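*Asks:* When you get a sec, could you build the whole thing from the sequences and use the hints?
Spelled out from the first residue to the last, the chains are:
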Amino acid sequence: MSAFIVAVAPALPLHTAGKYVAGAYVVFLALVLVYVAIMASRLARTERELTELRRDVESRRQVDADREREPVA
Amino acid sequence: MYGRGLRGLAIATVLTITAAFALVFFYAPLDADQGFVQKIFYVHVPLAITALCGFVFGGLLGGLYLRTGDRKWDIRSYVAIHMALIFGVGTLITGGIWAKASWGHWWVWSDPTLTSFLIVMLLFATYQPLRFSIEDPERQSRYASVFAVVAGAFVPLNFIAVRAAQGYVHPRVLTLTGGNLPGSMRLTFLISLVGMALLYVTLWKYEMAAKATRMQVRALRRTLLGEDSVAPLKRSAAPS
Numbered sequence: 001m002s003a004f005i006v007a008v009a010p011a012l013p014l015h016t017a018g019k020y021v022a023g024a025y026v027v028f029l030a031l032v033l034v035y036v037a038i039m040a041s042r043l044a045r046t047e048r049e050l051t052e053l054r055r056d057v058e059s060r061r062q063v064d065a066d067r068e069r070e071p072v073a
Numbered sequence: 001m002y003g004r005g006l007r008g009l010a011i012a013t014v015l016t017i018t019a020a021f022a023l024v025f026f027y028a029p030l031d032a033d034q035g036f037v038q039k040i041f042y043v044h045v046p047l048a049i050t051a052l053c054g055f056v057f058g059g060l061l062g063g064l065y066l067r068t069g070d071r072k073w074d075i076r077s078y079v080a081i082h083m084a085l086i087f088g089v090g091t092l093i094t095g096g097i098w099a100k101a102s103w104g105h106w107w108v109w110s111d112p113t114l115t116s117f118l119i120v121m122l123l124f125a126t127y128q129p130l131r132f133s134i135e136d137p138e139r140q141s142r143y144a145s146v147f148a149v150v151a152g153a154f155v156p157l158n159f160i161a162v163r164a165a166q167g168y169v170h171p172r173v174l175t176l177t178g179g180n181l182p183g184s185m186r187l188t189f190l191i192s193l194v195g196m197a198l199l200y201v202t203l204w205k206y207e208m209a210a211k212a213t214r215m216q217v218r219a220l221r222r223t224l225l226g227e228d229s230v231a232p233l234k235r236s237a238a239p240s
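Read top to bottom, the protein sequences are chains A and B.
Just so you know, we're using our numbering here: the first sequence kicks off at 1 and counts up by one.
Just so you know, we're using our numbering here: the second sequence kicks off at 1 and counts up by one.
Since the hints were derived computationally from the structure, they do not count as laboratory data.
Wrong hints could be hidden among the right ones.
Said to hold, decoys possible - One side of the interface only, derived from the structure: several residues of chain A facing chain B at Cβ under 8 Å: (1) Tyr20; (2) Leu53; (3) Asp56.
None of these values were measured; they are calculated from a predicted model.
Backbone N, C-alpha and C fix where the C-beta goes; we use that ideal spot for every residue, glycine too.
*Replies:* Listed below in structure tokens is the structure:
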């Protein structure tokens, strides 16, 4: 079976082989791009969390400062 | 910590892969037997080698977790296997395209190289479901590390078994005695392999940096605003 496959598989002409070679390299590039895009979306989520954290810390600091300024009855 | 040197590594990766692809199409000669289709070799084989090395790397890191109990090794092992799986998917797709162009079939079950690679991929494809099925983080890390070590050890054994097999249609161009790649093809292949290995290391570091940053943000939130301010993590295959 294996020997038969090799025997009946001569080199393809350039115009036929080109689409297969292009396909293989496009698959590789697409894989990397999809991965980088997914990682970019995760990075954006982390940035959002960091912004939220900064806002929460600021508001808490504001509350603490207001409490210190309140006159003691 | 993981982000250190990432920019330089990313630049080196882009330069090496660009150089490799330029060599593939403008320097390496056409193969006498397969013609232009053989150009797929320079992306398919480095992807396969990097994926298999990635699985072994994940196993070694899993072993370090079992030895030290430090969760950073489990995270590293998880990311290493995750990256190797992505490279493995690339290998299977580019291999299928090459097989179709060269042999007229997308897949040849009688070839041990193809079938053994699929077995390795299916084996490691169970890594994430295994993790997901265990709720307790410590047990999850321990069981996943044991799996990573055993499956990682299976990879070289599998490779040796395939090499020892006789009936294959996959050409053997890389051997310990030098193989049968001419100099220009060998140089192009080696640069492609270095590029692919650099890509693996860059993406591994990139994902590690992203995970470490996310964990630091959660830890900071917990420290500054208290335990209640952090939403409980959903059940996940990823270490946290």
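*Asks:* Given Leu53 (chain A) as an interface hint, is the shortest Cβ-Cβ distance to chain B below 8 Å?
*Replies:* holds, 5 Å
*Asks:* Taking the closest Cβ pair, is Tyr20 (chain A) under 8 Å from chain B?
*Replies:* Holds, because the Cβ-Cβ distance from Tyr20 (chain A) to chain B comes to roughly 4 Å (cut-off 8 Å).
*Asks:* When the nearest CB of chain B is found for Asp56 (chain A), is that gap smaller than 8 Å?
*Replies:* holds, 6 Å
No hint from the list above goes unmet by this structure.
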